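**Q** Sequence:
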Amino acid sequence: LILLGRYLEERSRNKASSAIKSLMGLQPDTATRIRGNEREVVSIAALLPGDTVLIRPGDTIPVDGIIVSGNSWIEESMMSGEPVPVFRQQSEMVLAGTLNKEGVLEVKVIKTGKETTLSRIITMVNEAQNSKPPVQLLVDKISAVFVPVVIIISILTFAAWAFLFPEQPIAYAIVTSISVLIIACPCALGLATPTALIAAIGHGARDGILFRDAGGIESAGKTDTLVIDKTGTLTIGKPVLSQIIYSDETDQSAVSRIFASLTALSKHPLSIAVAEKLSGELLMVSEFNDIPSKGISGAIDGSIFFAGSPAILKVAGIEPDEVSSKQIEKMTADGASIVILTSAKKVMAIAALSDMLRDDAQDAVKTLKNMGIEIHMLTGDNEISARKIAEKAGIANVKSGVSPEEKAEFVDLLKSKGKIVTMAGDGINDTIALARADVGMAMGGGSDASREAAAITLTGHRLMQVVETINLSRKTNRIIRENLVWAFGYNIIAIPIAAGLLFPLTGLLLNPMIASAAMAFSSVSVVVNSLRLR
0 LILLGRYLEE RSRNKASSAI KSLMGLQPDT ATRIRGNERE VVSIAALLPG DTVLIRPGDT
60 IPVDGIIVSG NSWIEESMMS GEPVPVFRQQ SEMVLAGTLN KEGVLEVKVI KTGKETTLSR
120 IITMVNEAQN SKPPVQLLVD KISAVFVPVV IIISILTFAA WAFLFPEQPI AYAIVTSISV
180 LIIACPCALG LATPTALIAA IGHGARDGIL FRDAGGIESA GKTDTLVIDK TGTLTIGKPV
240 LSQIIYSDET DQSAVSRIFA SLTALSKHPL SIAVAEKLSG ELLMVSEFND IPSKGISGAI
300 DGSIFFAGSP AILKVAGIEP DEVSSKQIEK MTADGASIVI LTSAKKVMAI AALSDMLRDD
360 AQDAVKTLKN MGIEIHMLTG DNEISARKIA EKAGIANVKS GVSPEEKAEF VDLLKSKGKI
420 VTMAGDGIND TIALARADVG MAMGGGSDAS REAAAITLTG HRLMQVVETI NLSRKTNRII
480 RENLVWAFGY NIIAIPIAAG LLFPLTGLLL NPMIASAAMA FSSVSVVVNS LRLR
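Residue numbers (the working numbering): 0 to 533.
It is possible that part of the hints are untrue.
Straight-line alpha carbon distances no greater than 30 Å define the calculated DSBU-like cross-link-like pairs of lysine-lysine that follow [unchecked claim]: (1) 416 / 398; (2) 325 / 345; (3) 221 / 391; (4) 418 / 140; (5) 293 / 365; (6) 237 / 100; (7) 266 / 293.
Just so you know, the hints here were simulated from the structure itself, not pulled from any lab data.
Quick caveat, the model's predicted, so the values are computed rather than measured.
Model the full structure from these sequences, guided by the hints.
**A** Okay, structure coming up:
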């Protein structure tokens with residue numbers, strides 16, 4: 000019975016850690032390397048940064064790299080938790096362990112082996128599964144004295160039956176003392192927390208939620224206040240062309256080509272966004288000039304054109320007409336960033352760009368509120384942009400124009416009021432607040448510094464992952480409590496029964512074989528309960 004119990008327990012524990020095994024199974028052993036006109040199958044260990052590998056349809060991508068040829072739909076569910084394949088094309092990044100669904104790709108190797116995102120995830124999950132939350136440290140202290148206490152109880156049981164009840168057979172003393180030793184279950188205490196954590200961390204890894212340590216799960220489950228960054232967390236983190244107004248509607252196509260051709264040469268995020276949206280056949284630009292803090296200029300077919308912020312108008316030496324001025328004022332009041340195209344004579348086009356709210360932001364905020372969580376948005380952005388985004392998301396508590404230090408001070412202020420604070424952010428400017436919060440959550444597309452400072456990394460680029468993380472943590476904490484109540488309750492009830500407490504009432508003693516079955520059942524029950532987290 001004891002061996003059967005151990006077998007069932009080990010089988011259940013293996014199920015709990017199946018997610019980490021699945022992640023390890025994503026890494027292929029070989030890859031097809033391209034050198035000149037030759038293709039050769041080599042081991043992953045032989046690949047170096049700068050090599051080019053061939054990825055056929057159905058292949059698992061073996062490295063982190065950049066697509067240099069081809070495009071395809073990539074299955075990234077094991078990395079991000081997103082079930083829908085993502086379209087990747089030339090110059091975009093692909094990750095080791097993801098699946099190429101359709102096209103033939105040539106990928107330039109950036110990272111291999113232990114440096115890949117997949118390997119880092121596996122390492123992080125392993126470390127998290129081997130870490131201990133505060134509650135487990137307490138259980139370990141209790142478990143350390145549990146066995147000596149049980150042995151003492153067994154000896155006292157034998158002595159009580161042998162000397163206090165001399166009229167009873169000595170076999171009763173032997174049976175009861177042995178039953179106490181058998182039925183006592185320190186294993187259930189030892190398994191109560193680790194099995195739940197292993198299952199939860201594996202579940203999280205499968206859904207793109209990476210816990211750095213077990214303490215993050217315990218704290219995230221107690222969260223009552225969320226402090227959230229705006230740019231890159233509530234929003235997608237890059238400007239999108241939301242509106243463009245032409246001063247001459249009849250010449251719209253020609254103006255668009257001029258606008259796209261000029262902005263395509265700039266590396267400023269706003270210019271890049273305009274060029275991407277107006278993409279088409281580009282014109283030749285000469286005499287290109289980058290004007291710091293204002294914009295750019297260049298000549299097309301002998302005529303000079305300017306593009307940039309409203310400050311570029313002064314450089315161009317023109318005054319906007321009344322209609323253009325009102326459009327600029329309205330777009331600015333709406334919180335948009337402005338890019339103006341102008342010739343040396345007049346304003347030709349005005350583009351409004353905004354950082355768009357994430358698709359799931361409103362649903363995530365609403366769900367968090369229903370969960371009883373107080374939400375604060377902090378941003379270094381201006382008040383107009385901050386208020387616009389907060390209103391769309393449904394957040395009432397907003398602080399704009401705050402520095403990284405002020406974000407951290409606000410987190411400290413909330414903690415001083417007894418709040419359990421989770422901070423969600425993605426930038427270097429969020430790292431201090433992420434480290435100061437009870438729980439730091441770094442959005443997957445964020446900086447390395449933010450991921451290092453956070454206890455939890457969300458790789459799916461979805462705000463609903465914050466909700467999923469808190470729900471998973473709450474469920475984990477609840478199951479750990481259930482396991483501990485069962486483990487302690489079982490021993491508190493079972494040991495006195497094994498010692499013969501019910502003998503005066505029933506005239507029966509617990510058979511040692513029944514005691515061994517009860518002990519095995521206790522351990523297995525704890526593990527099976529933890530598997531609900533899978």
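**Q** Between the alpha carbons of residue 237 and residue 100, is the straight-line distance 30 Å or under?
**A** holds, 28 Å
**Q** With a cut-off of 30 Å on the C-alpha distance, tell me whether residue 325 and residue 345 pass.
**A** Holds, at roughly 15 Å.
**Q** Holds or violated: are the alpha carbons of residue 221 and residue 391 at most 30 Å from each other?
**A** holds, 27 Å
**Q** Is residue 416 within 30 Å of residue 398, Cα to Cα?
**A** Holds, at roughly 18 Å.
**Q** For the pair we were handed, residue 266 and residue 293, check the Cα-Cα distance against 30 Å.
**A** holds, 13 Å
**Q** Residue 418 and residue 140: Cα distance at most 30 Å?
**A** Cα-Cα ~29 Å, so holds.
**Q** Taken at face value, is the distance from the CA of residue 365 to the CA of residue 293 at most 30 Å?
**A** violated, 40 Å
Hint violations for this structure: number 5 only, all remaining hints satisfied.
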